[in-house]
Amino acid sequence: MRFVHTADWQLGMTRRYLGARPAKEAGGPTGEAQARFAGARLDAVRALGRIADDAGAAFVLVCGDVFESNLVGPDVVARACEALASFRTPVLLLPGNHDPADAACVLRRPDFARRCPPHVTVLDTPGVHEVAPGVEVVAAPWRSKHPLTDLVGEQLAALSPAPRGTLRVLAGHGELDVLDPDDDEPARIRRDGVLAALRDGRVHYVALGDRHSAWADAVDDRIRHAGTPEVTDFDEVDPGHVLVVDLDEHAARVRTETVGRWRFVRHDAALDTDDDLDALDVWLAARPDKERTAVRLVLRGTLSLRQRTRLDDLLAGHGHAYASVEVLEPHSDLATVPDDADLDALDLHGFAADAAAELFAAAAPEQGDAEARDALRLLHRLVTP
Amino acid sequence: MRLHRVRLRDFRGVHDREVVLAEHGVTVLQGDNEVGKTSTVAALDLLFDAADSSRRADIRHAQPAGVDAGPEVEAEVSTGPYRFVYRKRWLRRPSTELDLLEPTRQQLTGAEAHARVTAILDETMDRVLWRALRVEQHTAVGQADLGGQDALTRALDRAASGPTGPGTGAGRPDPAADDGLVARAVDELRRYRTPSGRATGELRAAEVRRAEAEAEHERCRAALEAVERDVVARDRLDAELAGVRARRRAHGDEVAALEDRWAALQSRLREVDAARGRAVLARERATSARERREARDALVAAVDADAATAAETAAALAVHEAEHVAARDVRDARRAADAAARAEATAARRAADAATRAVGAARDRAELADLAERLRRVADAEAGLAAAERVLAGASVDHDALAELEDLARDLLRAEAARDAAAARVELSAPGALTLVVDGEELTLAPGETRTLPVAGSRALSVPGVLDVRVRPGLDEAGRDDAVRERARELAEACEDLGVADLEAARAARRAADDAARRAGEHRSALARELVGHADAAALRAAHDAVRDRLEGLDAAGAGDDDLAALRAAADAARTAAEDAAVRADEADAACRAAEDAVRDADTRAAVLAERAADARHAHARRVEELRAARADEPDEALGEAETARRDRARDAEREHEALAAALADDDPDTVEARVVNARGVAERLAGEVARLEREHAETTGRLQAAGHQGWHDQLAAAEAELDAAGREHDAVTRRAAAARRLHDALTRHRDRVRRSYVAPFRAQVERLARIVFGPSLSLEIDEELRITHRTLDGTTVAFGALSSGAQEQLGLCARLACAALVDPADGVPVVIDDALGHTDPERLARLGAVFTAATAAAGAAQVVVLTCTPERYHGIGAATVVPLAPSRRPAERGAPVRDEALRPADDLPAAAPGTVLDLPRAPRAG
Ligand SMILES: [Mn+2]
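Note that the protein sequences, when read in sequence, are chains E and D.
Following our numbering, the numbering of the first sequence begins with 1 at its first residue and continues without gaps.
Following our numbering, the numbering of the second sequence begins with 386 at its first residue and continues without gaps.
The shape of chain E in the complex, shown without the other chains (with noise of 0.2 Å):
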């Protein structure tokens, strides 16, 4: 029996660093590359339904995270119904904790019920569903933001042993407890209670949404995080995937496919010298898909008033070349220090070089006066138009 794994695919995200426009426009993405990020994590989900059609899979389960939030537009909804309604395999929705099964669940909402595709369902039940003849996936779906128990856990303990000829997949959303050991938390998945599960044929598989990156059990590797099919965030490892199982009471056997067309880089770089700009324009430049990469800077060192100024103009430039560069303030140690040859090249005499003098002085890295600092850039600028 062969079907499609993914998690998490977060539609109606957006990324503050991708752009923003006045709120009083809000409604749906803001921004151009915003808006190209929204398309990008739709196109997964086309990407990812054309793999199932192709493959023949039984069906395609999606483990938590349909949607960012239940309180999403309701053209976030529309277009995820076009996306859906792009494939014939059919979907199984589970919901997550951005989008549980509430009273505001969107997965029950009247406009999603009323575009949803035939070949849909949603998992907002908790218990086993018979998908298709000898098949049964076990739901463990979120009910609330925050659960006070593991329901994957609560789930397994219901089950007895599948009957013969019958494969079962478990469907939910968490972290396991050796991933992310939180004792505080008590939604956590108790990992001994799936292997358990998976050593008495309870179920025959463990499909998990929750974590970004995707991830498979050393013990047992039919218990699996498929991943986000679209990269949302630096920190994640390896995302853009989605996983085509093939199962059977044994084993499963898992191809990996990548969907995912963004990259979101962070890069670090000391910047001392010009050498050290150079080497971060070059960095820059030598980044492919631009327009699909948001580039995360965090930078560390002391600049020259002129040096600072050719890193801006550098940043500007590529700036907008990419969907997005920034600096992460909070993680850089970036100092503008004016230099003697600063003072030269600006070539003042009279009352301003006395004026310029006084600004140096207050600017030098032991007075820390950042204003100082700004107004000597002004006044480069001014001097050399």
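Hints are supplied without guarantee of correctness; some may be wrong.
No more than 20 Å apart at the CA atoms, straight line, and that leaves these computed lysine to any residue pairs for SDA-like [to be verified]: (1) E:K290 to E:P126; (2) E:K145 to D:R619; (3) E:K290 to E:V327; (4) E:K145 to D:E767; (5) E:K290 to E:L315; (6) E:K145 to D:E613; (7) E:K290 to E:P330; (8) E:K145 to E:R108; (9) E:K145 to D:L1045; (10) E:K145 to E:P126; (11) E:K290 to E:D238; (12) E:K145 to D:A768; (13) E:K145 to E:R190; (14) E:K145 to E:P117; (15) E:K290 to E:D248; (16) E:K290 to E:R253; (17) E:K145 to E:R115; (18) E:K145 to D:A607.
If you are wondering where the hints come from, they were derived from the structure by calculation, not from laboratory data.
Please arrange chain D with the ligand on chain E, whose structure you already have, making use of the hints.
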């Protein structure tokens, strides 16, 4: 910069002229109006500024009228290390040529040449100062705008900071010293803040954007939270609804059991109520029977009381009747006393009247006697008066007539005298007695006697018988005699008219009349005396008659013994007696009236008492009738029996009710009722609870459904992104604004400091020059913009603007020349003064000459070029090179004398030296 020579061709009115300027000191270009002095300066500006392709208005105006040639300017200039000859022609065959002589020979043409010269001037010359140090024609010599001049600033900087200070040895203009940098810093600051410090422009926009983003974010966050609260609320409502519904079902059974018990108790409650009703009714009836019996008792008592009252009133009436009679008796006695007193008073009054009349009669009689005497005297006087008046009436001669007679008599005497004097006289003398007849009369003449007879008329003398002599007068004598006769006739006629015989008779008549008049006057006086107090005699008589009549009306009694004093005493006594009697009569009257009042009061009281007695009688009668009727209706005994019977019945009914109520109370109906009521309330409350929860549930669900379409997540995401962006932008703009302010503050602070240091050397230089004009007591105040603000002279300080035009002009010139003296020779520019000092008097002009010399004395001091049509203004300049300018006309227009004039060099300078004008003859150019 130094100008060596300037050549103009076909420039305005100048055909072709070259002016050579002194390299140092003052060059005075003098010439008449229109000769082209100002054109020389204008030409320099065009040469330096306008490209040869330019067709600016001032270039088109430079084209000479009616000549097919473009204006052309050539100048030899040295500036900085450069020396060059620069030539331009506009409009016709435009060209630009540069012949660079120093430091290295180089020749350029066209735009290249223009660019090179512009670069050289920008590098070596303060072009703004070049403009500022110029005084244009026809403009007041005011303050030069010197505050921002590079060259001057450098010079002052040098002067202020000494040879080792900053800014020395600058080889090229110092851009930072330019106020332009400050201006740019101000512009930068104005992008963010208004002059008053309010945020504006980008900063304001960033603040607004951030505030709006915060508001939007807050709105979205609140909405999202509201939705999340609703989600939680829905879960809670689901649970609560289930619980309340279960409780409601359980409670329903309990209510049904209690209701059954309560229904059974209620029928018994109704029985007790009926018994209580009966008891109450019986009690009410017993009460009414008792009340009826009590009313009868009261009626009987009232009859007795009424009888007593009637008896009382009758007794009172009787008692009063006796008092009434006594009062009437008193009244009658008083009335009699009153009548007696009144009669006495009347008698006394009559006696008094009689005494008074006796006194009056005695007085009348005395008066009557007096009046009778006066009447008699009046009659005497009237008789005398009548006699006198009769005499007067008979008198015909009045005073005037008598006077006339006297006059006539005198005239007759005069006429006789005249006749006698003139008449012939007959003198008769007889020696013995002789008798003769003269005119019929016998006349006897004694012997010796002579008689003279006037002959007035004819006279007849005769001695009887002897002789008859007729003497007749002549003619004259006859006339005089006629006059005498005439007068005598007149007199006689007048006497006859008056009725008198002659004058003597008239005089006697007159005397008799006067006597009668005197007597008449005496009688009238007597009459007036006697008639005093009366109109006339008749009135007097009437008074007399009235008195007499009065007396006749009286009794004759007492007549004769008229002792007035006695009579008066008797009258007084009688009057006193009458008054006493009147008082007594009044007292009796008052007593009588009091008695009358007492009787009237007694009458009234009797009437009241009678009425009361009647009322009491009637009341008693009615009450008796009422009692009788009541007893006929229901006897007293029947009332008593009814009272007793009904009281007994009421007691029975009350006992029955008490028995029933006690039986019911044993079953505790209150508790049962309270529990039923409570159970119903609980049921109601549960129903309400369910309804409320269902309503809230429906509302929450409705809100959640609506929220599903709002896309609050998307809105919040957009608002977060916008807030982040707005925050970043705001931070960035705030930083830029702070930097702009910091830079601006630093620059202006240092500039102001430097400027303050510039003021002192500049002021020293200006004062040095101005003291030559105004004297040693002068001092000046100069602000940081290097403008003269005040002048102090002899201890009096005046603002610059309040100075006279002449003083402003002189100070303005001193300031410019001070610049010329201050500025580094390498930086200096010529000071051009076009016909200034029109407001300066000759004394000051002479001193200004010294100023020019002092300002240009230093080696390397700037050139000064003065253009003037009134050279005497500048005669006082010792070091001046004077260049006379004459019209430079085209050969066809040129006259010989003008040419001689133009070619004559300045007094003591050789030709072709600085200060000459070469008016070059040449052939007209082609094209
Ligand atoms: Mn997720």
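For each hint, the structure was consulted:
1. E:K290 to E:P126: violated, 43 Å
2. E:K145 to D:R619: holds, 14 Å
3. E:K290 to E:V327: Holds. E:K290 to E:V327 sits at ~16 Å (cutoff 20 Å).
4. E:K145 to D:E767: Given that 20 Å is the threshold and the Cα spacing comes to 167 Å, the pair is violated.
5. E:K290 to E:L315: holds, 13 Å
6. E:K145 to D:E613: With a Cα-Cα distance of about 10 Å, the restraint between E:K145 and D:E613 holds, given a limit of 20 Å.
7. E:K290 to E:P330: violated, 24 Å
8. E:K145 to E:R108: holds, 16 Å
9. E:K145 to D:L1045: violated, 69 Å
10. E:K145 to E:P126: holds, 16 Å
11. E:K290 to E:D238: holds, 18 Å
12. E:K145 to D:A768: Distance ~171 Å between E:K145 and D:A768 Cα, so the pair is violated.
13. E:K145 to E:R190: holds, 19 Å
14. E:K145 to E:P117: Roughly 27 Å separates the two Cα atoms, so the pair is violated.
15. E:K290 to E:D248: violated, 42 Å
16. E:K290 to E:R253: violated, 35 Å
17. E:K145 to E:R115: Measuring from Cα to Cα gives roughly 25 Å; hence the hint is violated.
18. E:K145 to D:A607: Roughly 18 Å separates the two Cα atoms, so the pair holds.
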